[in-house]
Amino acid sequence: MKERIFKLGTVIFLILVVLLVLIPFYWMIATALKSEAEALRTPPTIIPVAMQFRNFITALELAPFLKYFFNTVIVSFFVVLISTTVSVLAAFAFSRLEFAGKTFLFSVVLTTMMVPQEMLIITNFATIAHWGWMNSYQALIFPFCVNAFHIYLLRQNMMQIPNELYIAARIDGLSNFRFLIKVVFPQVKSSIYTVMLLSLIWIWNTYAWPNLVTTQDSMRLVSNGLKNVFTQNAGVIQYELQMASATMVTIPLVIVFICFRKYILSGVVKGGIKG
Amino acid sequence: MVKKRKQQKGLAYSRTAFLYLLPAFVLMAIFILYPMLNTIIVSSKYDYRFLTGEFAEFSFKHYVEIIKDPIFRRACLNTVFMVFVCVPASMLSALLVALGLQSIKKFRNFLATLYYLPQVTNVIAAGFVFALIFNNNFGLLNMLLERLGFEPVAWISGVGISGSQVLYNKSYMRCLFVLFTYSMWQGLSLKVILFLGGLSSINPQYYQAARIDGTSKWNVFRKITLPLLSPTTLYVYVTSSITAFKSYSAVVALFGDSYGPAGDNTKMMITLVGYIMDQLGDYLKPGAVSMASTAAVMLLFIIMVLTALQLKITHRRVHY
Numbered sequence: 110m111k112e113r114i115f116k117l118g119t120v121i122f123l124i125l126v127v128l129l130v131l132i133p134f135y136w137m138i139a140t141a142l143k144s145e146a147e148a149l150r151t152p153p154t155i156i157p158v159a160m161q162f163r164n165f166i167t168a169l170e171l172a173p174f175l176k177y178f179f180n181t182v183i184v185s186f187f188v189v190l191i192s193t194t195v196s197v198l199a200a201f202a203f204s205r206l207e208f209a210g211k212t213f214l215f216s217v218v219l220t221t222m223m224v225p226q227e228m229l230i231i232t233n234f235a236t237i238a239h240w241g242w243m244n245s246y247q248a249l250i251f252p253f254c255v256n257a258f259h260i261y262l263l264r265q266n267m268m269q270i271p272n273e274l275y276i277a278a279r280i281d282g283l284s285n286f287r288f289l290i291k292v293v294f295p296q297v298k299s300s301i302y303t304v305m306l307l308s309l310i311w312i313w314n315t316y317a318w319p320n321l322v323t324t325q326d327s328m329r330l331v332s333n334g335l336k337n338v339f340t341q342n343a344g345v346i347q348y349e350l351q352m353a354s355a356t357m358v359t360i361p362l363v364i365v366f367i368c369f370r371k372y373i374l375s376g377v378v379k380g381g382i383k384g
Numbered sequence: 459m460v461k462k463r464k465q466q467k468g469l470a471y472s473r474t475a476f477l478y479l480l481p482a483f484v485l486m487a488i489f490i491l492y493p494m495l496n497t498i499i500v501s502s503k504y505d506y507r508f509l510t511g512e513f514a515e516f517s518f519k520h521y522v523e524i525i526k527d528p529i530f531r532r533a534c535l536n537t538v539f540m541v542f543v544c545v546p547a548s549m550l551s552a553l554l555v556a557l558g559l560q561s562i563k564k565f566r567n568f569l570a571t572l573y574y575l576p577q578v579t580n581v582i583a584a585g586f587v588f589a590l591i592f593n594n595n596f597g598l599l600n601m602l603l604e605r606l607g608f609e610p611v612a613w614i615s616g617v618g619i620s621g622s623q624v625l626y627n628k629s630y631m632r633c634l635f636v637l638f639t640y641s642m643w644q645g646l647s648l649k650v651i652l653f654l655g656g657l658s659s660i661n662p663q664y665y666q667a668a669r670i671d672g673t674s675k676w677n678v679f680r681k682i683t684l685p686l687l688s689p690t691t692l693y694v695y696v697t698s699s700i701t702a703f704k705s706y707s708a709v710v711a712l713f714g715d716s717y718g719p720a721g722d723n724t725k726m727m728i729t730l731v732g733y734i735m736d737q738l739g740d741y742l743k744p745g746a747v748s749m750a751s752t753a754a755v756m757l758l759f760i761i762m763v764l765t766a767l768q769l770k771i772t773h774r775r776v777h778y
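Residue numbers (my numbering), protein chains in the order written: chain A, 110 to 384; chain B, 459 to 778.
Chain B on its own, in the form it takes in the complex (with noise of 0.2 Å):
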């Protein structure tokens, strides 16, 4: 949390800061200011071109066509489906890691340290990794499920999915369920530091004074840690879903460059950067552009309103 500080005393008025300041200002400027502004422009230019830089007018057109368009629908359901069902899933299950890596002693760093792996393996790597897993012939699970006495799944496949809603459907929920054991796996180990931190900020006297008191493992939690580390869940679901909405390489990785099985023209898997990545790709079809900036602003849009409503309730929240 920022403090905001009194002027400090003793700083002398520098006419040579803004030499320290001129190369990060400039680099600002040209990627990340301007590419800003320029983003909100473009969604508005319709019909714009991108080699020439013509349109035809300025409208908001662009975000009443971008609701209508099937695929940004989808896209928006699959970011819907990691923020709401992947981020809260995951952010259970740290919570727990966190709680029984903080009650022993031992190989606690050992521990947290293969927890952190999935996140500094590259993504690309790991869903290459989970799409083999999943393979319907070859992979782990299916040869797990097989030993077990169940029937193999075809966990990623389109066969027959354009003509069937139903075969559809089941894939769909198939492919649904292999994202969201990536984004567990992958989601886990930031969380797990995260929680752990915001574990042993908390001041063990409270815990003294339970003991004290005999009060139950689980009054224990619901009554102190639960409430003591709110901010730091909040913080993580607020950073998490952020990630969430930003998700894009993994599908990739998982379900190659058409966001879908084999078989599939829908785009069934395609996120919100996917989106614009897709429409990006497009670049010479007029219009493209301007909607891939429209998606942008959308995604900034959310993002800025998570922010604010985290900085919000911190703001009210914590005490010092």
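The following block holds chain A by itself, in its conformation from the complex (with noise of 0.2 Å):
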């Protein structure tokens, strides 16, 4: 009977702190459904009287936010794809190969994982405003584009791959870089892919480096785009529309990781620090 009790205030308490999780989730969407009289309504309505789904549409209209959309997608499908490439070749160096220095430069890599990226904006900020890159798709690109933890994670994943398939492959007279395509590609792909969920999911909720060097709206990301538009004159925020942005930045991402749960929750427990 004691026990009972005990499961039962359990379940009571998992699920009340589930509740406490979805109100803000539940209060976006409700208030994005708002209309303005009714968003601005003393006090607040729990529930719309009369959806408007137009919100969303007008949202689109008043803000350039298919263009940060546009953007975003466009440089995290260039950070996927080139920190991806980056990090799976010095991932198989560090695993595979022998050559001087290994254990040194290894151990630099180690180290810059400890190192803020916000200790880096700085400098990096410069950088890029002496090439000429500031308002570009390169800025936001290139920075984004080394990342020390994923290369340490898939090394971990392609040193449990068997020697012996690797002596095999060379007698063989494959190739290092056939054996890394045909033999170890297969093998740690489900590392591979947390590796670059963990990419998109940076970038898609990046605001600071973005908001350094973009000035120019049509170069904003979804994070600076959001934080800019329905907040320019203090004081007049419409929040239909600002819920309706946001909810939109939202969705997209809550998606990606409802489908790919079991890839981005593995790179979490093995040490990801960034959400």
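Treat the hints with care, since some could be wrong.
[As the list claims (entries may be wrong)] Here are the simulated lysine-lysine pairs, DSS-like style, with alpha carbons at most 25 Å apart:
{"no.": "1", "chain 1": "A", "residue 1": "Lys371", "chain 2": "B", "residue 2": "Lys563"}
{"no.": "2", "chain 1": "A", "residue 1": "Lys111", "chain 2": "B", "residue 2": "Lys675"}
{"no.": "3", "chain 1": "A", "residue 1": "Lys111", "chain 2": "B", "residue 2": "Lys564"}
{"no.": "4", "chain 1": "B", "residue 1": "Lys563", "chain 2": "A", "residue 2": "Lys111"}
{"no.": "5", "chain 1": "B", "residue 1": "Lys526", "chain 2": "B", "residue 2": "Lys743"}
[What the hints assert, rightly or not] For each label pair, taking beta carbons as the anchor points, the in silico distance ranges come out as:
{"no.": "6", "chain 1": "A", "residue 1": "Leu129", "chain 2": "B", "residue 2": "Lys675", "range": "20 to 28 Å"}
{"no.": "7", "chain 1": "B", "residue 1": "Asn661", "chain 2": "A", "residue 2": "Met243", "range": "54 to 62 Å"}
{"no.": "8", "chain 1": "A", "residue 1": "Leu149", "chain 2": "B", "residue 2": "Arg531", "range": "34 to 42 Å"}
{"no.": "9", "chain 1": "A", "residue 1": "Ser144", "chain 2": "B", "residue 2": "Thr673", "range": "58 to 66 Å"}
{"no.": "10", "chain 1": "A", "residue 1": "Thr194", "chain 2": "B", "residue 2": "Leu684", "range": "42 to 50 Å"}
Calculated directly from the structure, the hints in this document are not laboratory data. Just so you know, even glycine gets a beta-carbon here, dropped at the ideal spot from N, CA and C.
With the hints as a guide, bring both chains together as one complex.
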């Protein structure tokens, strides 16, 4: 009996926490569906009286959100592509090849895992400005293209591949590169997905760097686009439109997360600090 | 944990290895290693001008000046609040949730997925939603308070704070509460997943033995779960503290670009990274970039100490 009460209490507690976690999502969507007058009502209504699905279209019309989405997709695509390639190559060298200074170079990679991005921003900003890359895709893409944690994660996985495979491949005359493509790649596929998804989440949510290197509205990403739109003239915030755009920014990643949960969480458990 | 491996047999010395490493190291050299060194150098250039690169002298005066800067102190205070109040509180609740999840079988994955949602939510979007929930006039929280018969509270408000220290402190406390609620919501997700991973790696034999001995639940938790979970706990504490030391976007989304409620001109809610970004925004002002660099070096120092501490403790306590 005591056991059952304890169990019931646990379930109630868990459900309560889920509700608390979900309230902000509910409030975001509910406000996004209110009319302008209803969004400013005191006290607020819990359920929108008349659903205004038009808010989403109005938000898209008033602010270049499609442009922000487009920019974010372009930047994410190239970051995911380049950074994954770069990480796979480096991880392969660290796990399979022998060369002078290997231990030292790997410790350099591990050390950079500790360095906060925020520290690098200052000089990177100068570099980008110096190269005339302000307001360009390059400025948004290249600084994100190397990630020590991803190299580390992939290397750990590649170490699991039995060495016999490598020796056999070498005897068969497979070059290192072909070995990487034919043997290693299929074996570490799931970690590669993890790394790709973590990069995608990172780009989608990053705010400080894009905000620094983009001054033109047409170059903004979703985060800094969202930050700057509907809040420009202080005091007059159109909450229903702000929440409609927040919903549109949030939904794509939630869908990605639900579809690829397994890969994302496995990366997180292995030590991703960044969400 | 990285185990030091012996030299792997059968690895051929490769002359082409550098080709595989080249892209990673070129990018790292430009965007990580050089900026790291440069930031340290710039922090010691007095009166540094960003555009021309001129400076008066090499000195450590910035490190003295920054400690005297009231805005920097405020940034430290707020960051300390995040690290020493928000992180432990959300860790405790995450541990409870993880223990709860561990004890149920059905819906465990489903609930874990829902708990994780805040982590994939855009920080700016989430910050805006919280700012709206705490809105003085049409926020959800004040509505609930009123329904329960309480007075509504001006959560994020700077009315009259420039004239009165009492009102200022009151407003500051309320803003801290808003930040606290947000970071509880945001931080819970990741920690639940990490604790769940840690709990599932505890050998079930210990629990079976405890059940045979008839040990009480509380004692099982205190004598088995907590000690065996300690490496995870430490890991969660260190990584969360590092994240907390770097918090910035959330504060901007909650309180705006001036880091405080309207009517506040002291940058009430600024954080360490906020301070860096703020100085960087003033890059034309002589010395501003050096101040940003100084703050960044201090941040790096804090994070390195934390990481070293974690490595040291785990090495001592984790047995194979």
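We went through each hint and held it up to the structure:
At most 25 Å may separate the alpha-carbon atoms for a hinted pair to count; Lys371(A) and Lys563(B) meet this at roughly 18 Å. Taken as a hint, the Lys111(A) and Lys675(B) pair is honoured in the structure, with Cα atoms around 12 Å apart against an allowance of 25 Å. Distance check on the hinted pair: Lys111(A) and Lys564(B) sit about 20 Å apart at the alpha-carbon level, within 25 Å; holds. For the hint pairing Lys563(B) with Lys111(A), the CA-to-CA distance comes to about 19 Å; that is within 25 Å, so the pair holds.
Between Lys526(B) and Lys743(B), the direct Cα distance comes to roughly 19 Å. Compliance with the 25 Å bound is thereby established for this hinted pair. A hinted range of 20 to 28 Å holds for the C-beta pair Leu129(A) and Lys675(B), which are about 25 Å apart. Separated by about 56 Å at the C-beta atoms, Asn661(B) and Met243(A) satisfy the suggested range of 54 to 62 Å. Checked against the hint of 34 to 42 Å, the pair Leu149(A) and Arg531(B) passes, with Cβ atoms roughly 38 Å apart.
Remark: the range hint 58 to 66 Å for Ser144(A) to Thr673(B) is upheld by a beta-carbon distance near 59 Å. At about 44 Å, the beta-carbon gap between Thr194(A) and Leu684(B) stays in the expected band of 42 to 50 Å.
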